[in-house]
Each structure stands twice: as C-alpha cells, then as structure tokens.
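Residue numbers (the numbering used here), protein chains in the order written: chain A, 18 to 401; chain B, 18 to 401.
Think of the hints as simulated: they come from the structure by calculation, not from any bench. Any given hint could be a false lead.
Since the list gives no way to pick out one identical chain from another, each pair is judged satisfied if it fits inside one copy or across any two copies.
[What the hints assert, rightly or not] Distance condition first, Cα-Cα at most 20 angstroms in a straight line; then the derived SDA-like pairs of lysine to any residue:
| # | residue 1 | residue 2 |
| --- | --- | --- |
| 1 | K255 | E80 |
| 2 | K77 | D337 |
| 3 | K331 | L70 |
| 4 | K331 | R63 |
| 5 | K281 | E395 |
| 6 | K255 | E177 |
| 7 | K331 | E298 |
| 8 | K255 | D214 |
| 9 | K281 | D115 |
| 10 | K281 | H394 |
| 11 | K331 | L140 |
| 12 | K145 | P135 |
| 13 | K145 | I250 |
| 14 | K281 | D391 |
| 15 | K281 | A390 |
| 16 | K145 | E379 |
| 17 | K77 | V168 |
One letter stands for each residue in the lines below.
There are 2 protein chains.
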Amino acid sequence: MSVTAAQGFSAAGIAAGIKENGNPDLALVVNNGPRRAAAGVFTSNRVKAAPVLWSEQVVKGGEVTAVVLNSGGANACTGPQGFQDTHATAEKAAEVLDGHSAGEIAVASTGLIGLLLPMDKLLPGIEKAAAALSEHGGEKAAIAIKTTDSVHKTAVAGGEGWTVGGMAKGAGMLAPGLATMLVVLTTDADVDAPALDAALRDATRTTFDRVDSDGCMSTNDTVLLLASGASGITPEQKDFAEVVRAVCDDLARQLIGDAEGASKDIRIEVVNAATEDDAVEVGRSIARNNLLKCAIHGEDPNWGRVLSAIGTTKAAFEPDALNVAINDVWVCRDGAVGEDRDLVDMRFREVRITADLAAGTESAVIWANDLTADYVHENSAYSS
Amino acid sequence: MSVTAAQGFSAAGIAAGIKENGNPDLALVVNNGPRRAAAGVFTSNRVKAAPVLWSEQVVKGGEVTAVVLNSGGANACTGPQGFQDTHATAEKAAEVLDGHSAGEIAVASTGLIGLLLPMDKLLPGIEKAAAALSEHGGEKAAIAIKTTDSVHKTAVAGGEGWTVGGMAKGAGMLAPGLATMLVVLTTDADVDAPALDAALRDATRTTFDRVDSDGCMSTNDTVLLLASGASGITPEQKDFAEVVRAVCDDLARQLIGDAEGASKDIRIEVVNAATEDDAVEVGRSIARNNLLKCAIHGEDPNWGRVLSAIGTTKAAFEPDALNVAINDVWVCRDGAVGEDRDLVDMRFREVRITADLAAGTESAVIWANDLTADYVHENSAYSS
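One chain only, chain A, in its complex shape (with noise of 0.2 angstroms):
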C-alpha cells in the first residue's frame, strides 16, 4: 500500500541503471492534488548530502509536487557538481511532471558517500518512472529505494474515510536526529504545511528520533510528509497527529528489525528519570554501549554494562538507588547484585532493557540493536 495507499497519489519504482547490478534504484512519488502541502525533517548531521540541502529549502516552501528518491549513491560529500546534479534531477522531473516548477520537487539520495551519481542514467531514468506512475505504484517505490535493507518496509494508518501511509528505507547508520533512512508519507486529509510540519516533528521526536541502531548519523536522513487533500477531509489535529506518529512509529520498529547483521531488537525503557531529556541521554547512553550491545549478541544478561553506561551520564540518579530489569528480571537492585541473572530468558530477538533511574516520574523508549560479527562483516566490506 505504501506512498499510494493515500488518495491523490501516484508512485513508481524503477531500475535506472545507477545500481550496477541491476536492481530498481530510482522512485517517484507524485501529489496530484487538490492541495500539495508538505514538510519535511531532515539530518541533523552538519555535512549534509547536496539532497538535503535542496530538500530542506524545497520543503521550507511548503509545496511539494513530487519526489525523486535514488538508491546507489548518497550524493554526499559531492562539492558544487553534486549540488548541481541534484538540481538537474530535480529539473528534469519537473519538466516530464509538466506544469511544475524544480522549487517544488524534492529530491533523495541514498548509498555510498563521495561518489557523483551516474547522471547519464538518473535522469534517462525519471522519464521512465514518470511514465511508469501508477496509483498502485507505492510498493514498487518502497522496493527502489533499499540498499542494504533485506525487506522493504511500508505502513498504513487512518482515521474516518482519511488516511496515512508511508515507505520507509534503512538498515544502518540509523542514530538520533534521525539516521540513513529515507521516508515519505503520504496523506489524503485536507491538511495545510503548518499542521503537516507540527504533525511530523511531534511523531519523529518520539520515533525515528529514538532508534540508534549503531550511533552513526547519516549525511542523508530525509523524512517528507505529504498531503494531497482529495479526501476532502480536516481531521481534529490530534487526531492526524496520532496516526502520523503510529505510521512513524510502525516504521521505525521495521527499520530496527532489519538492521544490518543484527541479530536482536533492544527495547530500552527508561523510567523514573527526573526529566524526559534525562532519560533519552540515559536510554541512547545504553544504547550506544558496544560492550553491552555485545553482550546481548552473546545472550549475556550483563547489567553491570548498564549501569556503567549509565555512569557516564550527566542525568539524576544516585549509583546506589539504580535498578535494571532484563526482560523482566530485576538482576539489579539498589545499584548492586538483584535476582539471579539464569532466570533471564534471552532466546528471542527482542530483549527488554528496563532502567529505573528512580529520580523522578519521566520515561522514554530506545530501540538499538545488539552488535555482531555479521555487523562488522557488512560494514567493513560495504564499498569494495
């Protein structure tokens, strides 16, 4: 169902060629309208991809007609010439879009960084995938933009006769302030830019915002929210808020269950923190601990991991009223040795990090993965 799950949609998923194996690497997404309202959230990451940099002022308008995502190379780390590649992408969809001006298509990247993109097949490449546009094409968009993804993840939400659906690509790099994902959601409601940006940041903050798969930002995160308004329908704002965030959050935990080489999901809740930042700096300080994420690898119950990531922390929390449940277990309590850790069944992919700072009523959720050998191998031969 995808981007075109949403009424006023058409998508298509193609192979240009820029993938030198010949899988599809170039999609697009159209608004047809009536409205084409937009926002858009981008990488925090000061080196941004020439997409991003295009994207984020594209979006800044608030109408967006279209967008061209490319698997096969970020365009990051490009200088001046991969800037004006992402330009000319952005023109020569216009041009086959009739009517639309290059201001109001947005343009993503995503692959291996410092290489210029084979423009001599991306822009052979939007003709064919505008004349490939279909309302049924979302799946084959969310299929085009996979790198290292092993599936490709789409969801759908929505409320009475509205809807949200939306693609989502990424499968490492996947760290706060978003991560090497690529995501546009699509929506029918009758929704204007200020309400479709308030929408998609809220959802993000708590979604993608809080996945850390491996700690490494991406130059390239792009998370675009589009409306088409051809349902005719306004829904309360909380209402649309909440569907977005559950699209979000459908998607996140996708991204999460394909991370490269992982081989367990770690849901880390923090709870008792004395402020919400508190206990996200705790839950990604976890998150982030390679010795631990080890450890869950080697289906290792070691909560004294926890609590020395834990440590190294400025949030509130005294040492010795710390408390840490591994699935369920409180192997410790009081800062030192709790139930016996053989009681913690660690045989399924998802292992459950509770971390009671005991300081406050605040909480927060972490997704990470658990580090392997299948990570390294990935990620140390990805470019050759």
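With chain A fixed as given, assemble chain B onto it according to the hints.
Just chain B now, kept in the frame of chain A:
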C-alpha cells in the same frame, strides 16, 4: 622493570585463587620511603567501584604506603558489602605491612562487574604477597593485574639519578576519562604530593584520556603515582612532568596495541582546529564511529564515514573546507573527493587518519582501534 625500577619500592604478584584458572591475580606494591607522597586520577564514571571510592579518599591524604591490586573481579556494583570488602583488604595490608594504617593503603580491582570478591582467598593472598615482596617484583606485579590482556605492560624513563617506572593493565573499555585501566607509576624522585598531582593530571590528560578503544568507560579506572624520594633528587617540575608524560604515553600506546580483538591501531590526528577542545571532540567522534571502525578493519579508506562523524560534532568548521588524509593520502579535499583512494595502503597494523578542520591552529591526537568480529566474540562471551 615496572614499578620496581625506581628505588625505594618493592612489589609482588601472586596467585591468590581469585581467578578460577589459577593464574596470578593479586599484586602488591609497597613504597619503602623515605617519602610516601602520592597522587591519583580515577574514572569519571559516576558509577564507581568500591575500590575507586576508597582509593580516592586515601589519595586525598597525599600519602600512600602500598597499593593492593586484584584481577578476577571488579568489586563494582556490589553495594555496602563490596565497600566493606575493600576496607577489609586495606586493613589486612596495613596489618601485614606492620605499623601502617589502612588509610594509607590504596586498593584497585579489575574484572567482572557485579560480583563480590572471594575474601576467603583474597585476604590470605595479601599475606602471601607480602611474604613475596621483592625489589625485583615489578614484573610479577604487572603480570598479576592482567585480565584479557595478552601481554603485561611496563615502561621506564628517567632523568639524571632519578627514575619513573610503571605498569598498566587494560584491553577493552578503554575510553575517555580513562578506561578499564589500572596503572601504577612509581618514582624515586623527591617530589611532594601537589607536584605529583600536577604532573600526573597533565600527563593523563594527553595520554590515557586520549585513548578510545571502544567508547566504553569503566567503573574502575585508577592511575596512581607514588614517590619514595629514595634518590634524594628533586628534579625541575617541567622535567619531571615530561618524564611522567613519556611513561604514560608509552603505556597508553601499549594498551591500544593490545585492545581486545583489534586488528588495527588507529592514530587520529585532528589539525587546524579552532581550539584544542574542538580537536579532541572531533577526534573522539571519529574514534567512536562504528561504521568507520568496521571500514578500517576491512582496509577500506572510507573517508565519507570520517566526514559523517565530524558532522555530528559542535566544533568550528565549514563542511566544504574539510580535508581528510588516510595514511597520508588526501582522499578528501574541500569536503569532496580528493586523491584516488586506491593509493591508500592499509596493510599495516597502524592506520593514520588526519582530519583538517581548516578552522584554526590547534590539534590533538586520539588513538583508537578497529571493530572486528573478534571484538564481538570476546565481549559476547566474557562473563560466560
């Protein structure tokens, strides 16, 4: 030569039975005077092991007669009982060393977090170690503090008529604010506690504090510097500080060279930074980037991952002015593709990354390791 290279010190390393495999696990270092000045630097982790809490207090007094070090258990996250055990360890050492108070005995522990030490073995071990004390015991002491270290680490340097010697252990959890490292340095220079403290803080700041093997900070890090004054010589503070720094630098380099599962030692030099703090922040961010660490393991000069790591910092720089060299080949110039990456020869264990921020004149060097399947293996099996 280790801690007995300097006059006025005796040491021992024995097997007390703390380690189940019967390997040496208890070291004793004694300052025989005439002076017994001391300084210490400890982990900045807020979750501190019992021996750290104890020894911090001991060092504040400025006098240390002896150090008891054990491997085979960290005595961290062990609650009130753990602290009592450390206290009992110091009491026992004071008793067998005749005429000294427990308040002059520093204690350091390393091994698994969350387990109480077997005091029925440790306390008799102290008697055994005291009986084995020798002016040539430095090597054995260095061996007894090993955990997953493949070799023991010692270093010696000095000036005219005076010497600084030291031993270190550590093979993982090496990170800023120190790392799971236990280090004891000794000198026969006639230097008081404030001068020792100044020299030690200055030395650790640019040596042990700039080693980042895996981004994980230990609960037990301890670096002690003891002065016996036995040479009768008081060097210029500048000369003394430089020799202490040289010994720390030597030991820090040995720690990186023996990091768990590593196949590469990565020297990250950040140059032309606006401030030294900026240089250190950027160096650490590069040092901790798992994707880059995997690429280095795969001998892949993936400079895009260097830029992506720099981009997550708050340091002063312009993305399109960044330059990166790997093993002296400037693969990235002005934030984009530079020299041919195929020119980079990465066959050797040492890999040099130079990041030029083009924003000032300050610089810093951080040492790190690659991320390997062996690291994952060692750390997923550590406690089982």
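To see whether the hints hold, each was checked on the structure:
1. K255 to E80: This pair counts as neither: shortest intra-copy Cα distance 22 angstroms, inter-copy 65 angstroms.
2. K77 to D337: neither (49 angstroms within a copy, 23 angstroms between copies)
3. K331 to L70: For K331 and L70, the Cα distance is within 20 angstroms only across copies (19 angstroms; inside one copy 33 angstroms).
4. K331 to R63: Between copies only: 9 angstroms across, 24 angstroms inside.
5. K281 to E395: Both: 16 angstroms inside a chain and 18 angstroms across chains, each within 20 angstroms.
6. K255 to E177: within (14 angstroms within a copy, 77 angstroms between copies)
7. K331 to E298: both (8 angstroms within a copy, 17 angstroms between copies)
8. K255 to D214: within (13 angstroms within a copy, 59 angstroms between copies)
9. K281 to D115: neither (47 angstroms within a copy, 55 angstroms between copies)
10. K281 to H394: both (17 angstroms within a copy, 15 angstroms between copies)
11. K331 to L140: neither (50 angstroms within a copy, 37 angstroms between copies)
12. K145 to P135: This pair counts as within: shortest intra-copy Cα distance 16 angstroms, inter-copy 72 angstroms.
13. K145 to I250: neither (33 angstroms within a copy, 83 angstroms between copies)
14. K281 to D391: Both: 12 angstroms inside a chain and 19 angstroms across chains, each within 20 angstroms.
15. K281 to A390: both (13 angstroms within a copy, 16 angstroms between copies)
16. K145 to E379: neither (51 angstroms within a copy, 52 angstroms between copies)
17. K77 to V168: Close neither inside one copy (32 angstroms) nor across copies (59 angstroms); limit 20 angstroms.
Hint compliance for this structure: hints 1, 2, 9, 11, 13, 16, 17 are broken, all remaining hints hold.
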